[in-house]
Amino acid sequence: MFQREREIITKTPYTDSFDFDEIKEFITGASKNLFISHKFKTSDKILVQPRGGFPTYDKVFELYGEFTGAGVDILPLTIDSNTRLNDYEMAKKMLALSEENDENMLNGYPLVNHGYRTTRKMVTHYDTPISLRHGTPDARLLVEVALASGIFEIEGGPITYLLPYSKNFPLDKAFLYWKYVERVCAEYSELNEPINRESFGPLSATLQPPAIVIVIQLLEMLLSLEEGVKSFSVSFSQTGSMSQDIVSSNVIKKLAKKYAQKIGCGDAEIHLVYHQWMGAFPRNKEFSDSLINTSTVIAAMVRADKMITKTRDEAFGIPTKEVNASAVRNTQYTLNMLRGLPVITDEEEEANLTEMVDDIMEAVFNDPADTLWRQVFNSIKNGIIDIPFSPHIANSGEAITVRDKNYNIRFYERGNVPISDKCLAYERSKIDLGEDSLVDHIIHDIGIML
Amino acid sequence: MFQREREIITKTPYTDSFDFDEIKEFITGASKNLFISHKFKTSDKILVQPRGGFPTYDKVFELYGEFTGAGVDILPLTIDSNTRLNDYEMAKKMLALSEENDENMLNGYPLVNHGYRTTRKMVTHYDTPISLRHGTPDARLLVEVALASGIFEIEGGPITYLLPYSKNFPLDKAFLYWKYVERVCAEYSELNEPINRESFGPLSATLQPPAIVIVIQLLEMLLSLEEGVKSFSVSFSQTGSMSQDIVSSNVIKKLAKKYAQKIGCGDAEIHLVYHQWMGAFPRNKEFSDSLINTSTVIAAMVRADKMITKTRDEAFGIPTKEVNASAVRNTQYTLNMLRGLPVITDEEEEANLTEMVDDIMEAVFNDPADTLWRQVFNSIKNGIIDIPFSPHIANSGEAITVRDKNYNIRFYERGNVPISDKCLAYERSKIDLGEDSLVDHIIHDIGIML
Amino acid sequence: MRVVTGVVGNDIHVVANRLIEISLKERGFEVFNLGVNTYLEEFIDAVIETDADVLLISSLNGEAEGWSRDLLFLKSRFDLEGVLFAIGGNLSVGEANSEEIVPKYKAYGYDLVFHQVDLNEGLDTIEEALKERV
Amino acid sequence: MRVVTGVVGNDIHVVANRLIEISLKERGFEVFNLGVNTYLEEFIDAVIETDADVLLISSLNGEAEGWSRDLLFLKSRFDLEGVLFAIGGNLSVGEANSEEIVPKYKAYGYDLVFHQVDLNEGLDTIEEALKERV
Ligand code: B12
Ligand code: B12
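Residue numbers (our numbering), protein chains in the order written: chain L, 1 to 450; chain E, 1001 to 1450; chain A, 2001 to 2134; chain P, 3001 to 3134.
The hints are simulated quantities; they were obtained by calculation from the structure and are not laboratory data.
Treat the hints loosely; a few may be bogus.
[What the hints assert, rightly or not] Taking lysine-lysine and the DSSO-like style, the derived pairs with C-alpha atoms no more than 27 Å apart in a straight line are:
no., chain 1, residue 1, chain 2, residue 2
1, L, Lys93, A, Lys2075
2, E, Lys1173, E, Lys1092
3, E, Lys1405, L, Lys45
Kindly generate the complete structure, drawing on both the sequences and the hints.
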């Protein structure tokens, strides 16, 4: 049945024809070096992964060469935004233009159009784990092509790739499409080292409250483990407050273990990924360097297993390969000097955050629906899960957050998010709007790194 | 008597003729903005001070303009190395050459040759506190000229400007010359806001054990407070280990208070200054940027009151004013994003460090000499105080330090430094030379940031 | 004054869009915000439907050029003489400078082009242009 | 082979000097290390006293040029034909490149000039130069 579905999905004029037997054989015999799950096990440093993707094969090949020279740990394959919205026709057109004119008419690699036979050459050539970065609500075809290419880490999830990345895509479909992705990953995980799934914690990267981020991370983890995935990464991005990042890290690590055990999946490997600042970047490139370096120090402080880097060109556009590779080199330099960092805890903040997360999780589990994905689906619709600055129509957008004077992100309005009065009071007690209107305060808080 | 001495000191063909009455009047009426002691009181951020000085007046004036544009808090006036060794004749010759050829033939500003009348114009023009950075064992004339110019922070001390900065200068003389400096500072402190004295914690900037650094900081503080100075800054430079920096900061803050009270000077204001990495810099300028920014983060973590910056050109030579100003701008940018940082303590390490410092201090105080400076003098001669990599003949150089795997600096040999067997055992228990010879290990440890 | 705004193409960067809506309202415009992920045809339809004075398109993710190639054709099908066409945000993939970008987009049919220009600065320019038209 | 070394002028950067002493000894030289803060006359005196084959001067703090102007004069007063004069470290105030620095210092009377050159690389070159002389 499932195999039949896979055949239908993969049969399209936009990609090359699928030979599932050959793919199975390829994965079974694939080099361990292609599996990030293996690298996590065998490395004791924070793995460094940049972002990056160009329209043409040659440009990605060169990009990987640069990254390798800079001491990269994990290579990225960032997909263009047309492919993300399954607009393969537009992607094709723009790819053709990019190839003809040697100009980048796409903001990433149209993997489906390139196909797995071509892409696999590049993957096996570099023999380094590659992570698929996309933002696609319906990633079924894309993930099939990725796995067949030898890309053994798949980022995303039904919530994290929907709420920040889409306006109209139907929520329930996203859950079902991602269920498909989880199942494919789980199946292939039995052939060799496990395929790693990673959730996308940054969400819309703007004033995201850690409680909601963690809830979404936990839920996507559970949805994935349920289907048999054995290696999963939860993630979040720099909040703007080192303290809040440390608190978030401590809480998410503790709760990921707890909730995985709760559904009998305590055997799965759970990792923590930290994203360097994902919000609006300064237009002064030296400031960007400072920001990025500070992110690196914080990643080390929060004891992440992997960190995803930005570049000094972030405010301007897709970075050149040289600039991108420099960011990797500089990050590795800094990580190498940070050793034996202090272990930090903040009992009060951790208790408050844990309580908020547990309360929201409980509300989700109390939804009367029969499966977890339907519970989550309902919880988004009724605003129990609600993120600021989502373009998606299903997201209620009633929860409002602002920064306190230490730049911690706090709930100002909880909307329908079921955090307790006590927790809300705690959050609000930290806020001081001063003379500003709420809107001005929020505009300021969006731009703290400018 | 003392005034007579001052008249003799200041009567030299190398500087302009002193009018003490006028100087007194000037200081009495001087703008509060020139006093760093005042700025410490009225500011709640880490003050940022670059390094810098050029041979000619015009170049320093331009440098200050750049710094001001970059949001500097404290301006530096770095003195050339000939003046530091009282070789005013050579300084004069090189200043002339620099002025004629518009080339920098000196590595700093020959303040004595320029004189206070000229220099004061610049000082009052910028109306920002200036810190005198020199490294001079006999700084009597230099400090007279500085104070008369309106430079109201004087760095240095009889130990910290001797052991790292001189080979043959007689130790006892240095103490007496600095006693003179302290007395002048104390006298002028009564006219307006206090003159701030600052000790130079980086010493030879290479594998300096925190215990010794702190002992020297405390002793120079005591020698200064004894003479009536009311505002003093202890300092140290980045060790290479964030944890060790935090431990050092906690211990030095606690002990500075304790020892100041012990001599009845609990009313003096004591500040903490942190130096960005003072050791060998990488020749990759992006790495230098990363290193410097990491230093900034650590400065915030150790809750310094002031931080002294380096530049991306450190490995190459005296930086241009533009590069130097950029470093200030970037540092302020980073500091501004670091708020509400966690407060960190490490009881075991702090106890060990405190015990070592107290033991050494006790040994100094147990010296039979009748004054503190003689006790310190004897303690250096007999190796109770002993720093690695000192060019000075009086420094015994028997204490040997290496880094542990977390880059903390540890005693490998204590020489004659009176730390207990227990503490030495603790220090050595952290060291693992591995396959390396001691020399190779030390060479590696010197170059960790390369 | 009526203004139609939104983010063109498959672009879902919503933050600027929210701020633009707030700013336009503060300046007294009647705002029809189509939000992110809006195709060129939808913009044109909305302009006609609302009889707008200004069409203010944002693009952040580098897609704008691909979509703008059809603008002249669409414009030619309706009488949109009185409407001010403005586009702003980040108008290229990768770093580019305005000297190159602006003429290119003007040729595509925009009256005002703001590549990496501060929002308030851009809105000031738009208001001035509107005054001149009257 | 006998080598006199040290740091010239009022320069007190001692770390390199310590490493140079160790490296020279490891390479089998008989080393007379005058340490930091050594004037040119003292170097020349030591070379004569020890009958050295090499004078290896370091300078880190940017002073070297000021002191080196007297080298030719000092050399002319003694017969130092057989001695190899080498200088290395950081040979200018501020950043400078070797293409400018090397000829300048050669004109001052040095046989080998190493501006911002790795120590081992420099010592290799010195050893080769010594072999050629024999
Ligand atoms: C946050 C963010 C995201 C979030 C967006 C969440 C959301 N739904 O909004 C997430 C993480 C989901 C995301 C996704 C992607 N992003 Co994004 N993102 C950013 C980031 C870091 C900040 C954007 C932001 O919110 N800024 C704050 C707002 C207030 O500022 P602003 O957007 O710049 O808008 C101001 C000005 O542009 C101007 N302006 C805007 N419109 C107009 C119009 C007029 C007329 C005028 C006068 C002015 C004006 O005024 C605005 C307000 O001040 C930017 C980089 C940056 N700028 O720092 C990249 C960036 C825009 N993203 C980029 C890309 C490529 C993507 C992705 C395709 C892939 C990826 N790299 O992940 C996907 C896009 C998916 C899609 N379908 O579009 C690129 C675009 C590249 C290019 N143009 O060359 C950027 C520049 C990053 C980069 N350097 O690669 N992104
Ligand atoms: C540590 C340090 C200090 C310590 C020195 C402690 C001590 N007594 O040794 C302190 C803080 C006291 C100090 C003081 C000063 N310093 Co300082 N210091 C440094 C620093 C950061 C590291 C030097 C070091 O120990 N490096 C480690 C050793 C192993 O490397 P190295 O010295 O570069 O030597 C290697 C090579 O040069 C080469 N080499 C050296 N000699 C030779 C010879 C030959 C033949 C060959 C082949 C190779 C070779 O091999 C060596 C080993 O690998 C450098 C900047 C840098 N390099 O990162 C500045 C630096 C050398 N200092 C500088 C200056 C100006 C000063 C001061 C005048 C003022 C000031 N800025 O504080 C005073 C000098 C006082 C005086 N009278 O000389 C400048 C020199 C400027 C220039 N040349 O344009 C530098 C470059 C910093 C800067 N960018 O401004 N300093």
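Right, here's what the structure says about each hint:
Annotation: proposed proximity of Lys93/L to Lys2075/A holds, straight-line Cα distance about 22 Å (limit 27 Å). Simply put, Lys1173/E and Lys1092/E have alpha-carbon atoms about 25 Å apart, close enough for the 27 Å limit, and the pair holds. In summary, the hint linking Lys1405/E to Lys45/L is supported, as the alpha carbons are separated by about 14 Å, within the 27 Å threshold.
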